[in-house]
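Student: Fit chains C and X to the known structure of chain A by using the hints.
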Amino acid sequence: MTKLLKVVGLTREYPGVRANDDVSFSIGTGEVHALLGENGAGKSTLVKMIYGLEKPDAGFMKLRGGSYAPPNPQAARAAGVAMVFQHFSLFEALNVAENVALGMENPPKMRELAASIREVSENYGLPLDPDRIVGDLSAGERQRVEIIRCLLQDPKLLIMDEPTSVLTPQEVEILFKTLRKLQSEGTSILYISHKLEEIRALCDGATILRLGKVVGICDPKTTTAREMAEMMVGQTLHVPTREGGEAGEVLLDVQGLNFVPSNPFGTRLKDVSLRLRAGEVLGIGGVAGNGQDELLSVLSGEAKTGRGSVIFDGQDVSHMGPNARRRIGLLAAPEERLGHAAAPNMSLTENTALTATIRKKLSKNNFLNWKKTETFASEIIKDFDVRTPGPGSAARSLSGGNLQKFVIGREVLQAPKVFVVNQPTWGVDASAAAAIRQALLDLAAKGAGVIVISQDLDELMEISDHFAALNEGTLTAPRVAKGLTVDEIGLMMGGAHDMEVAG
Amino acid sequence: MIAIVKRPEPSKFWTIATPIFAVILTMILGGLLFAAMGKDPVAAIRTIFWDPLFNEQFAAYSRPQLLVKAGPLILIAIGLSIGFKAGIWNIGAEGQYIMGAITGASVGLALYPLEAWWIFPAMVIAGALGGFLWAMIPAILKTRFNTNEILVSLMLVYVAEQILASAALGFLRNPEGNGFPGSRNLSQIPWLSNPELIPGTGAHWGVVAALGAVVAAYVLLNKHMLGFQIRLTGESPRAARFAGVKDKLLVMFCLGTAGALAGLAGLFEVTGPAGQISIDFGAGYGFTAIIVAFLGRLNPIGILLAGLLLALTFIGGELAQFMLGLPSAAIQVFQGMLLMILLAMDLVVNYRIILVNREAA
Amino acid sequence: MDFGSINPVVLLASLMVASTPILLAALGEMVTEKSGVLNLGVEGMMIFGAVCGFIAAIETQSPTMGFVAAAAGGAALSMLFGLLTQIFLTTQVPAGLALTLLGTGLASLLGQNYQGMSPPRMPDMNIPVLENIPVIGPVIFQHDAIVYLSLIMVVVIWAFLKFTRAGLILRAVGENHTAAHALGYKVKAVRFAAIGFGGAMAGLGGAYISLVRVPQWTDGITAGIGWIALAIVVFASWRAGRVLIGAYLFGGITVLQLNLQAAGAKVPVELLSMSPFLATILVLVVISARRHGATSAPAMLGRIFHTS
Chain A
1 MTKLLKVVGL
11 TREYPGVRAN
21 DDVSFSIGTG
31 EVHALLGENG
41 AGKSTLVKMI
51 YGLEKPDAGF
61 MKLRGGSYAP
71 PNPQAARAAG
81 VAMVFQHFSL
91 FEALNVAENV
101 ALGMENPPKM
111 RELAASIREV
121 SENYGLPLDP
131 DRIVGDLSAG
141 ERQRVEIIRC
151 LLQDPKLLIM
161 DEPTSVLTPQ
171 EVEILFKTLR
181 KLQSEGTSIL
191 YISHKLEEIR
201 ALCDGATILR
211 LGKVVGICDP
221 KTTTAREMAE
231 MMVGQTLHVP
241 TREGGEAGEV
251 LLDVQGLNFV
261 PSNPFGTRLK
271 DVSLRLRAGE
281 VLGIGGVAGN
291 GQDELLSVLS
301 GEAKTGRGSV
311 IFDGQDVSHM
321 GPNARRRIGL
331 LAAPEERLGH
341 AAAPNMSLTE
351 NTALTATIRK
361 KLSKNNFLNW
371 KKTETFASEI
381 IKDFDVRTPG
391 PGSAARSLSG
401 GNLQKFVIGR
411 EVLQAPKVFV
421 VNQPTWGVDA
431 SAAAAIRQAL
441 LDLAAKGAGV
451 IVISQDLDEL
461 MEISDHFAAL
471 NEGTLTAPRV
481 AKGLTVDEIG
491 LMMGGAHDME
501 VAG
Chain C
1 MIAIVKRPEP
11 SKFWTIATPI
21 FAVILTMILG
31 GLLFAAMGKD
41 PVAAIRTIFW
51 DPLFNEQFAA
61 YSRPQLLVKA
71 GPLILIAIGL
81 SIGFKAGIWN
91 IGAEGQYIMG
101 AITGASVGLA
111 LYPLEAWWIF
121 PAMVIAGALG
131 GFLWAMIPAI
141 LKTRFNTNEI
151 LVSLMLVYVA
161 EQILASAALG
171 FLRNPEGNGF
181 PGSRNLSQIP
191 WLSNPELIPG
201 TGAHWGVVAA
211 LGAVVAAYVL
221 LNKHMLGFQI
231 RLTGESPRAA
241 RFAGVKDKLL
251 VMFCLGTAGA
261 LAGLAGLFEV
271 TGPAGQISID
281 FGAGYGFTAI
291 IVAFLGRLNP
301 IGILLAGLLL
311 ALTFIGGELA
321 QFMLGLPSAA
331 IQVFQGMLLM
341 ILLAMDLVVN
351 YRIILVNREA
361 A
Chain X
1 MDFGSINPVV
11 LLASLMVAST
21 PILLAALGEM
31 VTEKSGVLNL
41 GVEGMMIFGA
51 VCGFIAAIET
61 QSPTMGFVAA
71 AAGGAALSML
81 FGLLTQIFLT
91 TQVPAGLALT
101 LLGTGLASLL
111 GQNYQGMSPP
121 RMPDMNIPVL
131 ENIPVIGPVI
141 FQHDAIVYLS
151 LIMVVVIWAF
161 LKFTRAGLIL
171 RAVGENHTAA
181 HALGYKVKAV
191 RFAAIGFGGA
201 MAGLGGAYIS
211 LVRVPQWTDG
221 ITAGIGWIAL
231 AIVVFASWRA
241 GRVLIGAYLF
251 GGITVLQLNL
261 QAAGAKVPVE
271 LLSMSPFLAT
281 ILVLVVISAR
291 RHGATSAPAM
301 LGRIFHTS
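Chains as they are written, first to last, in the UniProt record's numbering: chain A, 1 to 503; chain C, 1 to 361; chain X, 1 to 308.
It is worth saying that the hints were derived from the structure and are not from the lab.
The reader is advised that the hints may include incorrect statements.
[To be verified] With a Cα cut of at most 25 Å, we get these calculated DMTMM-like pairs of lysine to aspartate or glutamate:
no.: 1; chain 1: A; residue 1: 48; chain 2: A; residue 2: 105
no.: 2; chain 1: A; residue 1: 62; chain 2: A; residue 2: 22
no.: 3; chain 1: C; residue 1: 246; chain 2: A; residue 2: 336
no.: 4; chain 1: X; residue 1: 186; chain 2: A; residue 2: 92
no.: 5; chain 1: A; residue 1: 48; chain 2: A; residue 2: 92
no.: 6; chain 1: C; residue 1: 223; chain 2: A; residue 2: 379
no.: 7; chain 1: C; residue 1: 6; chain 2: A; residue 2: 57
no.: 8; chain 1: A; residue 1: 361; chain 2: C; residue 2: 247
no.: 9; chain 1: X; residue 1: 188; chain 2: A; residue 2: 105
no.: 10; chain 1: C; residue 1: 6; chain 2: A; residue 2: 335
no.: 11; chain 1: A; residue 1: 213; chain 2: A; residue 2: 185
no.: 12; chain 1: C; residue 1: 12; chain 2: A; residue 2: 374
no.: 13; chain 1: A; residue 1: 270; chain 2: A; residue 2: 316
no.: 14; chain 1: X; residue 1: 162; chain 2: A; residue 2: 105
no.: 15; chain 1: A; residue 1: 3; chain 2: A; residue 2: 22
no.: 16; chain 1: A; residue 1: 304; chain 2: A; residue 2: 253
no.: 17; chain 1: A; residue 1: 372; chain 2: C; residue 2: 9
no.: 18; chain 1: X; residue 1: 186; chain 2: A; residue 2: 13
no.: 19; chain 1: A; residue 1: 304; chain 2: A; residue 2: 472
no.: 20; chain 1: C; residue 1: 246; chain 2: A; residue 2: 316
Since the structure is predicted, the reported quantities are computational estimates derived from the model, not experimental observations.
Only chain A is shown next, with the shape it has when bound in the complex (with noise of 0.2 Å):
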């Protein structure tokens, strides 16, 4: 294979941290080669400085032998090199010919660009109608909109950051089948992920960063998968352990609930049923976008239902607010760590008081008590390996693995008869999100009954008694985790959806 792509010597500094570190690799024409590492590891800079959105401190790049400082990413873009991102750029307001348009650089008419929308996705099994205003596409269609913004534009290199996140199983096979049919036409694919299995069933190479480093460089198809992980992570990975409680009374009890977000682009909730028992973990899979946030925020009272959806502990809870809930037990933590279950701009103190004056009678007669609040606040960084200078500290100045850790530790050190969870250890490294699981599965063990919100199913299978998935904003019905196959979580979580397999 001769190269396509070599990168020698990427150094890029922020200031107080050194994102790339000396890297080199090469790709060549026809591979598709992965780029593995944990957040944090240094490959959203690396790719931004392929991509020309940002430019290296020192070290080159050569394209096809030929010199690449691509100073933006339209140059990138006209030497061949296109990008699929994982928080998609896409904008939800217009329609999928504009979204198109303004990932190229010189359009056709649109009625033109419509039509070789439709070819170009016709024949890569991903059909989609140019005129959908992409609000209205779900997270799989949406990843296509990319895919096809970058296929009319016939790259060389084609740069893929964690594309099937947002996918089921049997969409990633049809995704690989794409993948695989690029490939076979000498299109090179940079494949960035943390999902060691895909790596292995579809990279010819692989390298790994660590800490803005290249720590490896290995063929994923004769490396194991905990070869790579060790690699990434560089230690042994403690895999937490559980004891298999009998569960006990049923504590919270969801029945027929339905529910309509305000927000025009959120998921409506359709008939939504469940049970959780004490000492039981039930996990929730699906792909992002499924209802995920309007579930979590029925439970923790954010938002209210129809009388007598949701039974806590024998209690009609579904017309009170976050602190009635919070009173009798019932605690959550949402996906979104700023903004959402921390106030950014506040203090770890401040932001303690946002959940916890309630169990923990941290105020009396409405007047705060910081006092005590700051007390707790510590105790939340000690119990749960927070590292901060102190409760004085800003949540945005926390890692996001150190935020999550205080925000998981704030609820569970309020000793919740039932915990709600989404997204425990997103964007968390291994053993971080180690330490979070052992901390749920602990609070189960107690008799607490806890409910993971998750779009890791490795992390769920590890975890759940039982599993559920949402799908549309419909919730399968729970089944026992143990022995559930891939294809079967696939199917709960709707299988392939409308995608046709590629040709």
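Tutor: This is chains C and X only, laid out in the frame that chain A set:
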């Protein structure tokens, strides 16, 4: 090459230092403006900031004016700051101020010539209520129909000005005023007036109320659950909902408080320094209070100081107009510049500016 | 009272004159908001444009130069807002308020020596043939160039946003600045341009008041029209055609109440004078009560964009 990097936490030093730097920078730029108008910049700045307090000839008159002007500014700004902290943009304080004056004066004048100790307190309550109810219009429209409170509260200023005209020319016109517009002079009717409490200080009941509002706001924002919820809502509305904040009640509280305080300011003004309801009663305190609130960093103590400073520019501006022929509009420009410079300087509170020796970012 | 003194043809013709400043300012603000920037300084830019236009027209004795100067003045003032919000990353709401306070002060400072003067008259530009159509002719086709310009701008802006690539990029920046940046578009440059355009249009609108509508210079001449223009953008759900409807609706109310005042209607003058503002509030309520009214706003409206 300069890079702007978000600080992990807002800088405490710059939070306090920026208003001071903004004032100094405004003095310099303002001086340049005055020089461009052919005035001696040093003399102008001295006339505005120094003479009202320390000039032997004028200080005796203008020193009490400081509290007279600062009182309503502080009172209104405290109310506005509570809303601004929660991200509720009431910019119609001028209207609430006018309505407070009209309702309060109406109660007093309706009882005229009755003489009783409770009339003035009743007027105070009526004034607060008038401002409160006027502010409830945008509050209810916002909570009920999600209507933008910025535009509604502002539109209501123009409506209030028309009601004021109607009051001065019609329903509150002095029947013994020989047909001249304007109400009876309330400050000259003992039971309806808001007198200077300590001679020579300018302190009237409005100043007392302003100081009380500063203390109450300080306690509210720093110690009370409601104040915490207000700050939380401003920082992150979604986190506030998660924390169980009842956002609609909060909107009502913030707008209502601001309205009541502005109404009080109007009532104390009409019964004291202004004396009567007249067409030009609205002197722009409601708008200048926005500057005061920001200059004071939405902090009660800061607002106290900022209110005094802005009051000084008013008095000094009048003095400069009288002494140097500096047009009154120049002071308005000066105040507008101060707010803009202060807002621009906010950058260093939340961001660090660093020099990077690299071509481009 | 004497409704007979109100001539419907004159009324409709003056409706177009009264609506033009609102229309110009609202169109400009709509473009600014489409790029994701909420500039509450419309009133300030208008009055500043009004004084710049007035002074230039007096000094050059050319109304055209007046309008050019007004557009330049409005745009120049808006650049202060651009500097504040795009470079200094200030929150847009207070920055807009500051702009209005500063603009009002500057206008009154600059205009103090021009009070009571009469500006050169803006000539009417009657459209041949069409002007002779009964009723419609005098109502629509016997106006000055700025009235036609404002109507042409409705079409131009509509077509610009709908059909051109630059318009698509402007909308994209207003919908999702992070994505636009990731695709390599210069978010701040686009927004500066949109802010400047909004300022120029507000300046034109202001000058139309001081040079044609009144025509004179007095302090506070814009009298809240800038704020009404802001409300009309909301009313119009960010669509050029509906901005036209909104502006003419409010122009109509203004003209009607002035005529009623002149005709000595048995309604208090104050009530008539406040009617445009009450109507604005009413319309805002009706629009915001319908849910999709709020969601057609550009998604990034009022948000600060900062990379790294």
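Student: For every hint, state whether the structure bears it out.
Tutor: Going through the hints against the structure:
Restraint check for residue 48 of chain A and residue 105 of chain A: satisfied, since their Cα atoms lie roughly 19 Å apart, inside the 25 Å limit. A distance of roughly 15 Å separates the Cα atoms of residue 62 of chain A and residue 22 of chain A; the hinted pair therefore holds under the 25 Å criterion. Annotation: proposed proximity of residue 246 of chain C to residue 336 of chain A holds, straight-line Cα distance about 20 Å (limit 25 Å). For the suggested pair residue 186 of chain X and residue 92 of chain A, the alpha carbons sit about 19 Å apart, so the restraint of at most 25 Å is met.
Distance check on the hinted pair: residue 48 of chain A and residue 92 of chain A sit about 23 Å apart at the alpha-carbon level, within 25 Å; holds. Simply put, residue 223 of chain C and residue 379 of chain A have alpha-carbon atoms about 22 Å apart, close enough for the 25 Å limit, and the pair holds. Distance restraint check for residue 6 of chain C and residue 57 of chain A: the Cα-Cα separation of roughly 21 Å lies within the 25 Å cut-off, and the hinted pair is therefore satisfied. Restraint check for residue 361 of chain A and residue 247 of chain C: the C-alpha separation of about 23 Å stays at or below 25 Å, so the hint holds.
Restraint check for residue 188 of chain X and residue 105 of chain A: satisfied, since their Cα atoms lie roughly 20 Å apart, inside the 25 Å limit. A distance of roughly 23 Å separates the Cα atoms of residue 6 of chain C and residue 335 of chain A; the hinted pair therefore holds under the 25 Å criterion. Among the hinted pairs, residue 213 of chain A with residue 185 of chain A is inconsistent with the structure: their alpha-carbon atoms are about 32 Å apart, more than 25 Å. Taking the CA atoms of residue 12 of chain C and residue 374 of chain A, the gap is near 20 Å; set against the 25 Å cutoff, the hint holds.
A hinted pair counts as satisfied when its Cα atoms are at most 25 Å apart, and residue 270 of chain A with residue 316 of chain A qualifies at roughly 19 Å. Restraint check for residue 162 of chain X and residue 105 of chain A: the C-alpha separation of about 18 Å stays at or below 25 Å, so the hint holds. Restraint check for residue 3 of chain A and residue 22 of chain A: satisfied, since their Cα atoms lie roughly 19 Å apart, inside the 25 Å limit. Distance check on the hinted pair: residue 304 of chain A and residue 253 of chain A sit about 15 Å apart at the alpha-carbon level, within 25 Å; holds.
For the hint linking residue 372 of chain A to residue 9 of chain C, the alpha-carbon distance of about 23 Å falls within 25 Å, and the restraint holds. The suggested pairing of residue 186 of chain X with residue 13 of chain A holds, with an alpha-carbon distance near 23 Å, which does not exceed 25 Å. This hinted pair checks out: residue 304 of chain A and residue 472 of chain A have alpha carbons roughly 20 Å apart, not beyond 25 Å. For a cut-off of 25 Å, the pair hint linking residue 246 of chain C to residue 316 of chain A stands: about 20 Å separates their Cα positions.
Comparing the model with each earlier hint shows a violation of hint 11 alone; every other hint is respected.
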